[in-house]
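If you want the building blocks of each chain, they are given just below.
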Amino acid sequence: MSLTLLYVQTLNGLQLGVLLFLIAAGLTLVFGVMDFVNLAHGVQYMIGAYLAAMFTALTGNFFFGLALALPCALLFGLLLEFFIFRHLYARDHLDQVLATFGIILTLNQAVKVIWGAAPLSVPIPEIFSGSVVLMPGLLYPVWRLVIIASGLAIALLLGLLVTKTRIGMLVRAGATNAPMVSALGVDIGRLFMIVFGFGAMLAGFAGAMVAPILSVEPGMGDNLLILTFVVIVIGGIGSIRGAFIAALLVGLVDTLGRSFGPSILRAFLDPAAASQTGRALAPMLIYILMAAVLFFRPAGLFPAKK
Amino acid sequence: MMKAKLFVTLGAVALMAGSAAAQEKLKVGIVVTLSGPSAVLGQQARDGFNLAVKQMGGKLGGLDTEVIVVDDELKPDVAVNKVKGLVERDQVNFVVGPIFSNVLQAIHKPVVDSNAFLISPNAGTSNFAGPQCNPNFFVTSYQNDQVHEVLGKTAQDKGYKRLFLLAPNYQAGKDSLAGVKRHFKGEIVGEVYTPLGQLDFSAELAQIAAAKPDAVFAFMPGGMGVNLVRQYRQAGLANIPFLSAFTVDESTLPAQKEAAIGFFGGANWAPDMKNPQNEAFVKAYEAAYNSVPGTYAMQAYDAALLIDAAIKSAGGKLSDKNALRAGLKKADFQSLRGNFKIGVNGYPIQDFYLVQVVQRPDGKFATSLREKVFSDYVDVYAKDCKPSN
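Just so you know, the sequences run in chain order X and A. So the first sequence is numbered by numbering that gives the first Met the number 0: it starts at 0 and just counts up by one. So the second sequence is numbered by numbering that gives the first Met the number 0: it starts at 0 and just counts up by one.
Please note that the accuracy of each hint is not assured.
[Said to hold, decoys possible] Some, not all, of what chain A presents toward chain X, calculated at C-beta under 10 Å: (1) 33; (2) 34; (3) 54; (4) 190; (5) 198; (6) 223; (7) 250; (8) 255.
[Said to hold, decoys possible] In silico DSBU-like cross-links for lysine-lysine, where the CA-CA straight-line distance does not exceed 35 Å: (9) A:108 - X:111; (10) X:111 - A:363; (11) A:316 - A:371.
These are calculated hints, taken from the structure and not from any lab test. We put the CB at the ideal spot given by N, CA and C, even for glycine.
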């Protein structure tokens with residue numbers, strides 16, 4: 000267990016963390032502000048990745064592809080909101096779960112019809128390809144650093160947007176007491192629509208950013224969605240700050256647990272049992288973390304004040 | 000006068016033969032995975048089989064052939080229901096499928112207990128090769144372990160001392176690493192099992208970089224393999240030889256592209272195998288489906304040829320199951336992979352090769368034969384099969 004390995008795994012954990020944050024940010028706002036359970040949020044991440052793959056192939060340049068994919072992801076989110084989700088806000092959570100689950104199934108199939116079942120790939124942009132030596136013996140792919148940097152930048156922007164601007168204030172107010180905001184003369188329907196479209200675009204951005212390192216395939220958002228729900232529950236529903244902290248926490252615990260769990264256990268157990276137990280325990284760690292957080296703080300780390 | 004009578008008799012015989020053939024119609028049910036992330040494997044198998052039927056003018060064994068394709072959705076329970084529909088309602092004579100071993104475990108009994116033969120174009124689990132072998136079950140692919148054994152043997156023969164192993168944490172992953180260790184006697188410096196469906200391998204790649212092995216063996220089918228291969232190259236590890244099973248093949252290469260060039264796999268065939276039938280097959284497949292065929296397509300094509308040969312050897316009589324079974328055992332056809340026999344347990348006896356990913360002159364990516372690793376290789380379970388039961 001060398002120090003270099005620890006640094007690399009920490010960076011890997013950070014990278015998973017900011018990725019989770021990009022998806023969780025939209026989800027926690029939609030859940031917190033509109034009290035709407037959107038299982039189809041992971042699909043928006045997938046759509047973002049597919050749009051980026053398609054536009055990159057068309058234009059031959061990842062950044063043009065990204066620039067085209069983002070407005071399309073936004074538009075797609077708005078269309079979904081307009082045609083489907085706004086009719087569900089008043090329904091109970093079970094109806095919302097059922098309807099959005101149906102959207103997952105439909106869109107996963109639709110993606111397969113349009114782009115085929117085989118995974119697509121997106122090349123890493125030329126200037127960010129390859130690896131850099133961060134310190135002697137520590138080689139790290141540049142693109143993963145770009146993901147970390149852009150994720151942190153967006154987190155900062157989002158934080159400013161929510162705490163310093165008028166629209167951010169309305170969102171926070173909506174998360175606390177939506178009927179009152181509405182009574183004060185704010186068009187809450189339009190606010191919901193903006194939040195929703197923005198969340199969809201962030202998830203789409205996350206999908207586009209990982210397209211060069213992960214394969215773009217139907218159903219790619221489904222596994223991530225579960226992690227994202229863990230993140231927003233740990234962070235406190237409706238809280239951007241909570242989502243950020245929880246996302247980094249989940250990313251680090253998951254990555255470090257997977258790689259160092261077995262070697263730490265080896266101190267207590269014999270090697271075979273340690274690797275067996277470590278293997279079983281590693282995927283559970285984040286859920287244990289969630290259970291622990293919920294035990295001590297049932298509303299999450301940073302609950303939106305009610 | 001005599002002559003005329005002879006003609007009439009001949010005519011009547013011909014007429015009878017014709018009407019008999021019209022009554023005897025062959026039905027084949029194909030059950031493969033056509034939805035979900037692994038759909039491309041099932042599509043290859045379906046297309047390979049259909050290509051063979053088309054090339055023989057819609058007739059296998061000289062009989063008009065109806066092919067019924069169903070999707071098992073990679074769910075054993077769904078597969079069982081659909082297979083029961085095939086054997087009970089549609090009364091198919093042969094079931095060809097599936098792709099995945101867990102589906103095979105589920106559909107094996109309903110088919111072999113019915114009136115139909117089961118021919119697997121891909122999955123070949125150890126239990127049905129050994130004590131639970133069945134006279135109505137045939138395989139045109141391989142016994143699963145054999146592909147992994149190719150890489151273990153290669154690592155041993157090339158003199159690698161330190162090997163790093165990587166596989167998903169489920170039964171096939173464990174079987175895979177056991178197959179590698181059967182022939183590799185050096186040191187295993189790391190043995191990592193990842194959750195099934197994991198797509199980001201950054202943590203595992205960092206461990207590989209830290210362990211500095213002589214070579215890496217990976218079993219990462221489907222989308223997992225696409226991600227692993229690309230991230231492996233991005234992490235700057237490509238100078239460590241990458242040996243793999245079901246990780247770089249024609250179903251994943253369209254997404255892996257340049258990242259996979261030079262990576263190794265194990266197989267019973269590759270598209271560039273030199274024999275006239277194979278060259279014609281690859282050309283026809285690419286023209287019809289606009290993609291390079293993988294072993295999934297080849298093995299399904301061979302399954303169609305096997306059925307064709309069996310019916311011909313049984314004289315076109317579908318009702319004579321014993322004659323059909325004898326024909327299937329004899330496997331009197333020219334396999335696309337050249338050397339091919341059916342062993343005592345219904346599994347093939349064939350050669351295995353080390354294959355390597357190349358970019359062809361036309362820009363497409365494919366695996367290419369490098370060296371023969373095993374000749375006339377019988378799987379290790381065949382000795383436990385008692386053909387009487």
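Hints versus structure:
1. 33: OK, holds: residue 33 (chain A) within 10 Å of chain X, min 8 Å.
2. 34: holds, 7 Å
3. 54: violated, 25 Å
4. 190: At about 7 Å, which falls below the 10 Å cut-off, the nearest Cβ of chain X leaves the hint on residue 190 (chain A) intact, so it holds.
5. 198: holds, 5 Å
6. 223: Holds: closest Cβ of chain X sits about 9 Å from residue 223 (chain A), inside 10 Å.
7. 250: Since chain X brings a Cβ to about 7 Å from residue 250 (chain A), closer than 10 Å, the hint holds.
8. 255: Check passed: Cβ of residue 255 (chain A) comes within 7 Å of chain X, closer than 10 Å.
9. A:108 - X:111: With a Cα-Cα distance of about 32 Å, the restraint between residue 108 (chain A) and residue 111 (chain X) holds, given a limit of 35 Å.
10. X:111 - A:363: holds, 22 Å
11. A:316 - A:371: violated, 39 Å
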